[in-house]
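**Q** Residues per chain, in single letters:
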Amino acid sequence: MEKMIRNTDKKILLMSHLVLGYPSMQANQEVIDEMVASGVDLMELQIPFSEPIADGPMIALANQNALDNGFKVKDGLEFIAQTIKKHKIPFLIMTYYNILMAYGVEEFIKEAASIGVKGLIIPDLPPQEATQAISWCKEHGEGSLDWIQLMTPTSSDVRLQEIGNNASGFVYCVARKGVTGNDTDFGNELAQFIKRCRVATSLPLAVGFGVKSPQDVAQLSNLAEIAVVGTAAIKIHEEHGVKAVGDFFAGLR
Amino acid sequence: MKKGYFGSYGGAFIPEILHETFQQLTAHYETARNDPSFWAEYLALMENYSGRPTPLTFAANLSKKLNKKIYIKREDLNQTGAHKANNVMGQGLLVKRMGKTRVIAETGAGQHGVATATMAARMGFECTIYMGAVDVERQRPNVFWMQQLGATVVPVTSGSQTLKDAVNEALRDWVGSMDNTHYVLGTACGAHPFPEMVSWFQSVIGQEARKQILKLEGRLPDRVYACVGGGSNAMGVFQGFLDNKEVELIGVEAGGKGVESSQHAARIASTDATVGIAQGYKTFFLQDQDGQMLDTHSVAAGLDYVGISPILADLHVQGRVRFIAANDDDVVSALKYLMKNEGLIAALESSHAVAGALGEMADIADGAVVIINLSGRGDKDIFTVADALDDPGWKQFIAQKAKQYAGESS
Ligand SMILES: Cc1ncc(COP(=O)(O)O)c(C=O)c1O
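Residue numbers (this note's numbering), protein chains in the order written: chain U, 524 to 776; chain D, 889 to 1298.
For reference, chain U alone in the conformation it holds in the complex (with noise of 0.2 Å):
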């Protein structure tokens, strides 16, 4: 993805989040559509788990909402290859590492290489644990399908580096501790925290926990190459209605 994240005239790029099969694939459908509409470039397509420890409340209680619902592992995939189909802008997934470990982690990879899955996000299998799905990426991704590695501020300069020697695509810098959802200052510590990214590694930055407002956006422009709205558009839509999501992307740049 990186050639594709350079290759743009926008000062920041937009990655929007959503957990499938929240509140519907149908409701999915039509979110995604307004998404692409309203300029977002990537997209986190979160497949739900039964226990999703890295998430803030609002996205656990999404991934629990979606499994009552009955949502499937098969008929996810499905939606995401037809999503692929229709749009034009690059897809990533995003799970815990047990999804993948239930369906067959070589088989998950292959098939998400094969639908056309550009990134894989999988926050509980730390960088020591990846080294095979890592070579499966690159091995039936051909060099289209990244392993995306996580940075965090709590991370020692030496442990960011052996991230950044096993990245690829971008990297996801987690904005600051604590879960998704709520408030993040954008301010000083996350510069400091930015510059010790950019050192571990010379691929695009992607920074996400908490982006809510343009101004946001545009304080995070300096910093880095894509800006990530997860919890914000899921309170949005819920809240004012998959209409509401639209304006949201396309005001926030």
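Don't read these hints as lab results, they were simulated from the structure.
From a predicted model like this one, the values you see are computed outputs, not experimental measurements.
One should not assume that every hint holds.
Said to hold, decoys possible - Not the full set, but computed from the structure, chain D residues with beta-carbon under 7 Å of chain U:
1. Glu904
2. Ile905
3. Ser925
4. Trp927
5. Pro1043
6. Ser1046
7. Asn1056
8. Leu1059
9. Val1063
10. Ile1165
11. Ala1166
12. Gln1167
13. Asp1178
14. Met1181
Ideal placement from N, C-alpha and C gives every residue a C-beta, glycine not left out.
Chain U is already provided as a structure; the job is to place chain D with the ligand on it using the hints.
**A** Just chain D with the ligand, lined up with the frame of chain U:
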């Protein structure tokens, strides 16, 4: 073998944000483990605060009836009435070494929550306990005690609103609060170093039991039984005998309404569990084909959990520990039997070990020496036990009490 692995189980599958926190915890744990003065301090504290060593009681009446020599390891006599005290006090000492000032914990039945709250009160830590909203309803007395002890109890409304969801919520707290907060995990599960560290603190049970049985019988036992939720009390007592292959070790899981029904929590003793990774570690989980965790059931809330200690998973694969399941009905019968015959009120969890042992006594030679680990006492769980026994007099009392409270509030 890779660090933190037991065979192919275990590991540390945690969000990157917690990586350094686990590094720090592991370093402190390893330093403490290599420092004899730490263990001495721990033993002194447990002697003074929790009445250790706990007795190995000869069950004279049971032994006579069954023609065996049955001994009961009395973890029910600990501070707060269960083996949970061993773990929380150990971790408390470690928290002091790390210089942290706040502890958080998950709890199912409330046992581990109450134990953590006493530790926090004694050691001067702030304390927050995460408990599934369903469990908060079911286990009100323990909520009452945690609050009286000064802890904040947070009802968890996500997922199945039980133990596994409380674990997730505690982790969500920790990813933001790790600078001053330690997560006191309640059993031998989770990411490395927890399975190993919790088992270490619980190993005091096995060390004592070994010494005691050698003194009382002049030999090692033929069998040792323990109930298995996450696996901490079982790991505790088994460690006293792991190296002696002639001692048969038996873990008793929650058979619920039967391992053929889907309403149980038998990860090893049923054929329903498969290997997966969740809540930070790799083990056998009760999960569906997509890898989503299933709802479990047991009359004992403390055994009602989807995963099992990776160390026990490995001991199962090695064939060193044998696993069986005890059904709810047999557990309630065992609880009554032990009360009537020995005057011991076992927790519903611990009654699984009793039921498992009683169910197999016909298979072994007369005079065989058997240890049952009684992980906790039941009298403090009077509401749950009375429910399990379906006692009419108790129900009437509660109805009256409810009327009285209703009168006061109107
Ligand atoms: C009395 C008692 N025994 C056993 C257990 C199960 O835990 P473990 O398998 O970790 O010993 C619990 C858990 O709450 C308990 O309270």
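**Q** The structure should be examined with respect to each hint, and the outcome stated for every one.
**A** Consistency of the hints with the structure:
{"no.": "1", "hint": "Glu904", "in the structure": "holds (5 Å)"}
{"no.": "2", "hint": "Ile905", "in the structure": "holds (4 Å)"}
{"no.": "3", "hint": "Ser925", "in the structure": "violated (30 Å)"}
{"no.": "4", "hint": "Trp927", "in the structure": "violated (30 Å)"}
{"no.": "5", "hint": "Pro1043", "in the structure": "violated (13 Å)"}
{"no.": "6", "hint": "Ser1046", "in the structure": "holds (5 Å)"}
{"no.": "7", "hint": "Asn1056", "in the structure": "holds (5 Å)"}
{"no.": "8", "hint": "Leu1059", "in the structure": "holds (5 Å)"}
{"no.": "9", "hint": "Val1063", "in the structure": "holds (6 Å)"}
{"no.": "10", "hint": "Ile1165", "in the structure": "holds (5 Å)"}
{"no.": "11", "hint": "Ala1166", "in the structure": "holds (5 Å)"}
{"no.": "12", "hint": "Gln1167", "in the structure": "holds (6 Å)"}
{"no.": "13", "hint": "Asp1178", "in the structure": "holds (5 Å)"}
{"no.": "14", "hint": "Met1181", "in the structure": "holds (4 Å)"}
The structure fails to meet hints 3, 4 and 5 from the earlier list, while all remaining hints are met.
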